[in-house]
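Going down the list, the sequences are from chains V and Z. Just so we're aligned: the first sequence equals residues 1 to 308 in our numbering. Just so we're aligned: the second sequence equals residues 309 to 550 in our numbering.
The calculated lysine-lysine pairs, modelled on DSS-like cross-linking and capped at a C-alpha distance of 30 Å, are:
#1 Lys465(Z) with Lys476(Z)
#2 Lys465(Z) with Lys193(V)
#3 Lys465(Z) with Lys201(V)
#4 Lys226(V) with Lys201(V)
#5 Lys28(V) with Lys104(V)
#6 Lys252(V) with Lys338(Z)
Partial list, derived from the structure: chain V residues whose beta carbon lies under 10 Å from chain Z:
#7 Gly163
#8 Val183
#9 Thr214
#10 Arg215
#11 Leu251
#12 Asp267
#13 Ala271
Simulated from the structure, these hints should not be mistaken for lab results. Glycine is no exception: its CB is placed at the ideal position from the N, C-alpha and C atoms.
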Amino acid sequence: MSNLLQPHEADWYEASARERVTGLLDPKSFTEFLGPEQRVMSPHLAQFNLTGAFDDGIVVGRGRLDSQEVFAAAQEGRFLGGAFGEVHGAKLLGLLRAARDSAKTGGPRAVLLLLDTGGVRLQEANAGELAISEIIHAILEVRSASVPVLALVGGRAGAFGGGGIITASCSRIVVSEHARVSVSGPEVIETNKGVEEFDSKDRALVWRVCGARTRYLTGGADRYVKGRIQDFREAAIALIPHAPPFELATLKAEQQRLAERLQRFGDCRDAPEIWHKASVPEPERIAEITDDAFLAIQRSKGADHDAR
Amino acid sequence: MTLDEVLTSLFPSGHTIENGSLGTLHGTAKVEDQGEVTVVGIVGGTPLGVDGAILLAGHVLAAVETGDRTPIVVLVDTSSQNMARRDELLGLNEYLAHLFKSLTLATMHGHRTVSVLYGHAAAGAFIATALPSQSLVALPGAEPSVMDLPSISRVTKLPLEQLNELAKSTPIFAPGVEPLFATGAVTENWAANEPFAPRLAALLRQPVTNSDPRDQIGFERKGRLLARQIAERVATEAAAHA
Numbered sequence: 001m002s003n004l005l006q007p008h009e010a011d012w013y014e015a016s017a018r019e020r021v022t023g024l025l026d027p028k029s030f031t032e033f034l035g036p037e038q039r040v041m042s043p044h045l046a047q048f049n050l051t052g053a054f055d056d057g058i059v060v061g062r063g064r065l066d067s068q069e070v071f072a073a074a075q076e077g078r079f080l081g082g083a084f085g086e087v088h089g090a091k092l093l094g095l096l097r098a099a100r101d102s103a104k105t106g107g108p109r110a111v112l113l114l115l116d117t118g119g120v121r122l123q124e125a126n127a128g129e130l131a132i133s134e135i136i137h138a139i140l141e142v143r144s145a146s147v148p149v150l151a152l153v154g155g156r157a158g159a160f161g162g163g164g165i166i167t168a169s170c171s172r173i174v175v176s177e178h179a180r181v182s183v184s185g186p187e188v189i190e191t192n193k194g195v196e197e198f199d200s201k202d203r204a205l206v207w208r209v210c211g212a213r214t215r216y217l218t219g220g221a222d223r224y225v226k227g228r229i230q231d232f233r234e235a236a237i238a239l240i241p242h243a244p245p246f247e248l249a250t251l252k253a254e255q256q257r258l259a260e261r262l263q264r265f266g267d268c269r270d271a272p273e274i275w276h277k278a279s280v281p282e283p284e285r286i287a288e289i290t291d292d293a294f295l296a297i298q299r300s301k302g303a304d305h306d307a308r
Numbered sequence: 309m310t311l312d313e314v315l316t317s318l319f320p321s322g323h324t325i326e327n328g329s330l331g332t333l334h335g336t337a338k339v340e341d342q343g344e345v346t347v348v349g350i351v352g353g354t355p356l357g358v359d360g361a362i363l364l365a366g367h368v369l370a371a372v373e374t375g376d377r378t379p380i381v382v383l384v385d386t387s388s389q390n391m392a393r394r395d396e397l398l399g400l401n402e403y404l405a406h407l408f409k410s411l412t413l414a415t416m417h418g419h420r421t422v423s424v425l426y427g428h429a430a431a432g433a434f435i436a437t438a439l440p441s442q443s444l445v446a447l448p449g450a451e452p453s454v455m456d457l458p459s460i461s462r463v464t465k466l467p468l469e470q471l472n473e474l475a476k477s478t479p480i481f482a483p484g485v486e487p488l489f490a491t492g493a494v495t496e497n498w499a500a501n502e503p504f505a506p507r508l509a510a511l512l513r514q515p516v517t518n519s520d521p522r523d524q525i526g527f528e529r530k531g532r533l534l535a536r537q538i539a540e541r542v543a544t545e546a547a548a549h550a
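Construct the complete structure from the given sequences, taking the supplied hints into account.
Have a look at this one:
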């Protein structure tokens, strides 16, 4: 990254986890917990002949966003695809529990999850899978304590597997063009179901099925931003006051929203069919237009909502 | 075990459970000193897709809405999430998350939740059906996994024989009930020769609690030695910097 750029003007996709979190928050406000100097590393990687990282691929801590206290966690997609292992997952779990426990005594205004992950780290599959379910449980407890949890996705690993489920468990979701959010990755579907079901080498198809523009237009993401760290920052500041609470009314709205999506688009096999049904102008061109042109498009009914 | 055997041994006092579409189940059953409990499930090895997930979440939310705090039992024999372009296009991650959220909300509203795994459950389907409940019971025939060893071998580029050897010394990655019991994911592992109904009744008598003790359980069972301690250290630093 060029030193001439101010941290918040840097590109989210190109930035490291630490660059993202420090650029996202107010200047010099971030304090890391269990930082790399403490060398809290995975003990499970050596038996797979892999080298560990001093932070196990995740940065957690607190800082200020627009002068308000927040907690933040950022995954490093360049370390083992940002995947969840035992230590990696437990760092995020501890952060969420701290947010929950301090909510009644002036805790953080929000928790920001800068997700960049292929899902479970297979070398620690059981610990990673269990950590993901513990994290979702903790996110819902934090939301239940009236502290919004935001997912910010725009890194090279996307948010796949359990990472996709974590994303959708948050109060609000922000994506940039590079974001892909899904459960089964295209390669996994191709391996299991054949290339006719999903050709993972067809990049345009992958983006139409899992990509940020598809998620945003159908309501799988709440904000679509251009790719600067500053753009994510502005979206997070704008969304925090409007995050839906975690309660029965929200989940009933979510039930209705997701059921309506199936009724309207359930027989579609590719994204342009959805855009056509949703009366989006020039549905075949969605993937190729500029961010500005894309942001000018009216989203379909049900994409803007009080659910989640 | 077949579904009929599972239902007969879990609910000998009777039930009104019916097969829904897409491999789902829904109904009520009588449990000793609990009265009626709500039962939902995904069975027959059916992959869990967007349509099945929204159906199950709807049943769970309907149970929450009655306000009667009846326990909810989730029967699981599902293979994995439905691996299809259509499901991913429609946002399968949101549908699986919605099912998880609905079961967690039920707990917060005072429902005791127990998942009973008697077949396969892998990856995202395992997260959305087996892991959201307060307790997870493994019956004979349960085959939980994140991913099978041949697939892990392909991704990690380690020979299968080496993975099989490694699996004997650590519960951290291998599929199956025993490693997942050791890490704290499986609460109880029931053997074929014991009656299930009294054990289910005993499990349902335990108080409803929002707290998630699985990192503590994994530590006590020596299957996940670090998770609890790391989570606590982060929380301690967070409190110190407050």
